[in-house]
Amino acid sequence: MLKIVDVCTRVEGHGKVKIYLDNKNEEITQATFEIEAYRGFEHILKHKKLCDLPKIISRICGLCHASQSIASCKTIENIYGIEPSEQSILVRKLLMTGELIKSHSLHFFFQAFPDLLRIFNIHQKILSPYAIIKNYPQLTTIFFELIKIGNEIDKIFGGRSVHPITVIPGGVIYNPSKKNITLARKYFQKVLMNLEVVIERFIELFSKKIPPEEFMIPNPIFLGMHNHGIFDRYSGILGFKEDNKKITNFIEKNYTNYFNKDIDLNGIDFSIGNNILVGPLARNHIVESYDIEEVSNFLSVFDKTWYKNILFTNFIRLLEMYVETFKALELLNDPLVNKNESLLSLTNIKNMDGIGVVEAPRGILLHHYHLNKENSIDQIKLFIATEINIPLINHMITNYAQKLYEKTDIDTIKKEIQLIIRAFDPCISCATH
Amino acid sequence: MDIYSILSHPFRRKILLILEKEGYIPYTDLMERLNLETTGQLNFHLKKLGSLINKDKKSYFITEDGKKILQILNINKRILSGENVDEYLGAKGSTISRVGVIICNCNTEISNIINVNALENYINKLRNVVSVKIFENLCQQKNFSKITNWVKENFINKIVIAACSPKTHQHLFERIFEKVIEHANIEIANIREQCAWVHHSNGREFDPLLILEKAKLLIEAAIERVIMQKKVKAKRVEIEKSCAIIGGGIGGMTLALNLAKAGIKVYLIEKSPTLGGKVARWDRISNIGDCSICFISELIAELVNEKNIKILTNTEIENVSGEVGNFTIDLIKKPRFVDEKKCTGCKQCIEVCSIEKPNQYEFELTNRKIIYIPFIHSYPFAPIIDEEDIKNCINCRICERACINKAIDLDQKLEKIRIKVGTKVIAIGSDLYSDLEEYHYNPKNDIITSPEFERMLSSDGFTNGDILKISSKVPPESVSIIQCVGPIYNRLEYNDILALKYLESIKQHIPNCEVNVFYDLNKLKENHNSLSTHMDKKFHYVNDLKIIERNNKNIIVANSKEYPSDLIVLNVMMVPNKDLKILRKTMDFTLDDNGFMSEETIASGIYGVGTIFGPLDYNSTISTANNVALKIIALLSKDSLISEFSGIEINEELCGICGLCSKSCPYNAITIESDKLSIDMFKCKGCGTCVSVCPTNAIEMNIDTTEKINRTIEILSKFKKRPKIIAFCCRSCGYAAADDAGLKKISYNPNIFIVQVPCTGRIDTSFIINSFEHGFDGVMIIGCRRNSCRYIDGIEKIQRKIELLKDVLNPKYKKRIIIENMNAVEGIKFAEMVKTFYNQLSEEIKFEA
Amino acid sequence: MKPKILISSLTGCSGCISTLLSLDIFPQFLERTKIIYFPFIMDVEEIEECDIALIEGCVSEDSQVNLLKKIRKQTKKVYSIGTCAGFGGILSLSKKRIAEPVSKYIEIDGVIPGCPPPSKLLGNCLIKLIENREIDVDIPKKNLCATCPLRGEAEENFQTKITQINPNPEEIIPVEEDTECFLKRGILCLGPITRDGCEHVCIKEGLPCEGCMGPVSKSFFSNTINFISLIHLSKKIRNYDGIFYRFSKPTFKR
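Chains as they are written, first to last, in the numbering used here: chain A, -5 to 427; chain B, 206 to 1054; chain C, 311 to 564.
Fair warning: there could be bad hints in the mix.
Claimed, not checked - Okay, derived cross-link-like pairs now, DSS-like style, lysine-lysine, Cα gap no bigger than 27 Å in a straight line:
id, chain 1, residue 1, chain 2, residue 2
1, A, K42, C, K514
2, A, K180, C, K545
3, C, K514, B, K1019
4, A, K42, C, K344
5, A, K42, A, K180
Claimed, not checked - Which stretches of chain A does chain C cover? Using the computed rule of at least three CB atoms under 8 Å from a CB of chain C, they are:
id, segment
6, 34 to 43
7, 48 to 56
8, 223 to 230
9, 243 to 254
10, 307 to 317
Hints in this document: simulated from the structure, not taken from any laboratory. Each residue gets a CB set at the ideal place from its N, CA and C atoms; glycine is no exception.
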């Protein structure tokens, strides 16, 4: 049995694709996307002080740091049985928006866009950012600005652009000044303007094309968060949806009914099927509406063939940025955003188990902490978007590799299947937490 | 060929100098000038001189290169003669290290164990080493000039001496090289006490190659250290020709007189309102038979007449700064409320005063007025109101009116005095043991202490010199003296002498009185060997002693036999003066295991006299005073001292002024002033505790730098045989204990390496971490005893670090760091510790494998 | 000739890379250099000769050591970016995984510290690097206390008993002019043993320093022990390894 290995590029972190051939090298038996070097955060976090957790957990990922700490805070608040103030929630949402803008922009511009150009035969030879800068100067300027603004927003609301410090269990220790609100508003308005250009450009470039069949997701189960059908990454509930069926509620505290994990083996056992998809596309299928008129218009341009195609995620990313920015501007107008509210004290532990969920840019994060009799954490389970997606990724790349093997050589295949992997925007740091 | 090698031969230097002077000189003239008879030798040297000289028409002349070299040679000469030539070397100073290594065979003591030739071969190959010289016996006078010549000829500017412990001969070596090499540039590799003398073994030989390897590494580490040594600033201290004596007792007064007669200005500082100390209140001085008060008053009279003595009574020390030769002492003279100068001592004020309190000078057995004169021979002879009593004064001002000379000043304030002295002497004496509950001490019940008995014997005392039962005021029919009451130290003679004196006095006063003297052997334990046994039947050496009371009569029960005792005298021991602990904060000395001042550890410029070292009788006190007087006179006869500042330097570019250093300094030598650290160079004693905690490396020691210690660890870790042990030993105790093991030739395994640190407080956690990272299997830390640390509490500071370290490290390492307190004579304990630790680690390593 | 740049990530969170990509000067950086290796944004796999290498993340696997050696061989100057590459980083908390600084395996020319490095610091350093100047001047050499907004009388700060690692949420107060030093308030602040340069973001928000900028000299671990040995720490928090191993650990097995 032959094994071909290649290192993935243009993804966050270190991942490999492995292609397994049968003994006669006639058939590809399997292609997998593999990540190594689990860092063992679930072990590190044992017996750490609860208030230290969000700060340490944030270091799982430098792209979805805010979502990680917020998920952790929500979990701890669940343990103490407290609800943070509305002001805190507003700031947390704004912080998550900044993170989403930065994360999605980075992925789209550096990682996804060159692939799209190639897949749709617009540019074949884009190998480095220099080529994009040369061919798409306007987009380049826009994306650099988006990335920078995402960074600045996080700096304003998180105290620091990466690994926020303002988010603590019990609320947020930040009360934006009028000056900062104005500044943030300006930033968001700029983002909206830029995104309109980008979205139009995307539509112009790709909407009329027919996405390749290999990128279609086979029988997916979409898992994501919604707030009564509306898009909400912080305070919604989870639901999953199979093809053409109604949404089933995902009861967080019973998550073991759907999947579970053994932290020493670093793998998830799925009981509702392996084709679970989380992330922007899943959210798109879970929410009934984005509640913004323009968005429906943008979506309607695309043919139904796009809807279950993983490449469509790239468009949804742009859309999500648009939606969130739009909503962020509304949040900034909320008088509560700088209301002075005292932080909740963490004194009485109510539950020995705490579960917290948020939607990070790449999909859901589910944290579960268990306390022992001494009120010290003795068990931690972290379910992180990319690791949920991996079975589906493997399924899709195996199919694609097998199909390609009929007409092309293995070297091309190992590069080709990375297109699928990148479309998922895997975050390997997260996955190897 | 490098320049130094060209110049290393005196002949070649001479040729250059001649050519410089003469310009051109023919070959034959040159030969003549050099007193040479054969041409071969001259040809050889001319060839060696290479491009420095040239030949023109059979005459030799010096080239431009040669002139440059000559210039260097001249500078070198000036450097070697001790002149400061910084202008040539630029701001950073010279970076060239030319290390000379001296190996001393120590009369075969070293060469019998270590293959010195193999050692020489190894060292010759090490970097920066220019010459290695082996001496049979380095410390012999006849070698000194040989050594200095060798230094000059090889242009050696740094020296490593592989010989005995620095404790033995460091000062001698420093003196040998005084003119040619700075102290800081001399490193000693202790291959005798740490190597040759402890690995010889009787019976079981250690592998000689291991011992050789150890010696090699010890020397290599010393070479590396000396290479890293940067220039240390020297400073010149003008000597203040005066002396402060703290304590106006018999020791202090005798010394003061001695010094004053030698023309030295003396400040005699006494805490209490009068001179005289304890002895002034005693009856007679044993051995002499003289009445002590007569004796003291004579001494005082002599003192008072001496112009060079300034007497400051009722005065306490507030602060001391400075160093040997130049100390500044801040004093507080407490108010006396009576002007000493106006007072004639008529005592009218005392007569009229209506407030009384118990008299502490009579052990509260009698009362006195709050305005009082301590005793009849007090000096100054003027009444005083104690500062604490002024609040009891009802302010009736009758005394004021009673005083004809208007000497009473009830509003007198304390006075601050600053004095400058070249040296200071501590002569505060000792305290007397006072925890006497188990002896049912109660003067009213006729159980009294020896000082109280002394007062009873004194003609000016509360019984006017009669021996009486205090309860009934009648003479006792029987007196019992219990000896050695209090903690037992080695020196028991003092107690003994007193008992003899009491026997004699009682016999004189009440010839028929039955007197018994008791020694409780249970309390004396092993110390009773030092006791001289009296054959007299009055002396009882008993194993069981208690005091009981029956029918209002005290009875001593000793070895089940009863001794009725009308009067019991508890002959109390001297215990360390409680003020010693306070003085330690401002002066530099340590306490011994018993809490007395430790003689070996006093810093230079400070002396001690009298019973601060332990119980002493009168004669011994006087002889220590005379001895110290000689030392002080010798020191103050110089005009100035030149010393290297071995303390610390601050790099302001790195300092964040977090204050950790100032928090850690045992002497409060580091303060933060207007956002800048400032070091009081005089308060700094160079323990290096601050350096160990500085998180930015902004503070560095001038000599014991972090860089050097880390490099030492690195070099020593090259030792191949496991288990490898590194021992950080403090200079005054740990290192001395290791030396003691050497002096006693107690053998232990060669796998241990001793690294000297000024104080265990200097040990940075990173040294320990570094040692483990470099492959050491065990770390030992050996410092002073608790409470008697040379630098006050360095040992406690490292203990805290180690506790924390053990808490957070893998349990395996908990057993691999050991910390021990030792004093300088516990070589046996040191060797035992090494052996046990070695065995433990060997087992663990075997288990791991 | 534009300097050739190599940017490589080891084990870490990519936070430093994301900070790099969102720098003001990043477009300028791209323009003035020739990036030849940066897997995060481009498809080149072979390491070629280059001028400057920037390394993010800690070393936790053997394969990374080989990569590092290869980089060192091909590169004129190598810099560690961030606390992971510089000192080991957050994974030092792990008892199971190794997390070692790059400098343990190859010689490096400097560390740009921070978790992640503050944008201004990183930006300034990158500009210096592409202009072939030393970054030394930009890296603060003092500790956090040097410019701390809560700076008071330093001696007083160590008198109190430290009973907390983090302030309780209700006790978090925004920093004003007369706010007292954390240590004085009985809260453990690692400012004295942490490098300056983070602009005191945590302290300004009312949170004590946890040491993410790494140590100035010695190791973070040794400094922590030295520091804590000087203050009165309540027994309750003494053994909490979350303090000692937060951003680096000794390299012998713990």
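We went through each hint and held it up to the structure:
This hinted pair checks out: K42 (chain A) and K514 (chain C) have alpha carbons roughly 25 Å apart, not beyond 27 Å. Restraint check for K180 (chain A) and K545 (chain C): the C-alpha separation of about 50 Å exceeds 27 Å, so the hint is violated. A distance of roughly 39 Å separates the Cα atoms of K514 (chain C) and K1019 (chain B); the hinted pair therefore is violated under the 27 Å criterion. A hinted pair counts as satisfied when its Cα atoms are at most 27 Å apart, and K42 (chain A) with K344 (chain C) does not qualify at roughly 44 Å.
A C-alpha spacing of about 40 Å is found between K42 (chain A) and K180 (chain A), which places the hinted pair above 27 Å, so the restraint is violated. Coverage of the segment 34 to 43 of chain A by chain C holds. Counting CB-CB distances below 8 Å, 5 residues qualify, and the rule asks for three or more. Counting residues of the segment 48 to 56 of chain A whose beta carbon lies closer than 8 Å to any beta carbon of chain C gives 6, which meets the minimum of three for the stated coverage. Check on the segment 223 to 230 of chain A: 0 of its residues sit with their Cβ under 8 Å from a Cβ of chain C, so the three-residue criterion for coverage is violated.
Proximity of the segment 243 to 254 of chain A to chain C, defined as three or more residues with a beta carbon under 8 Å from a beta carbon of that chain, is not established by the 0 residues found. Counting residues of the segment 307 to 317 of chain A whose beta carbon lies closer than 8 Å to any beta carbon of chain C gives 0, which falls below the threshold of three, so the coverage claim is violated.
The earlier numbered hints that this structure contradicts are 2, 3, 4, 5, 8, 9 and 10.
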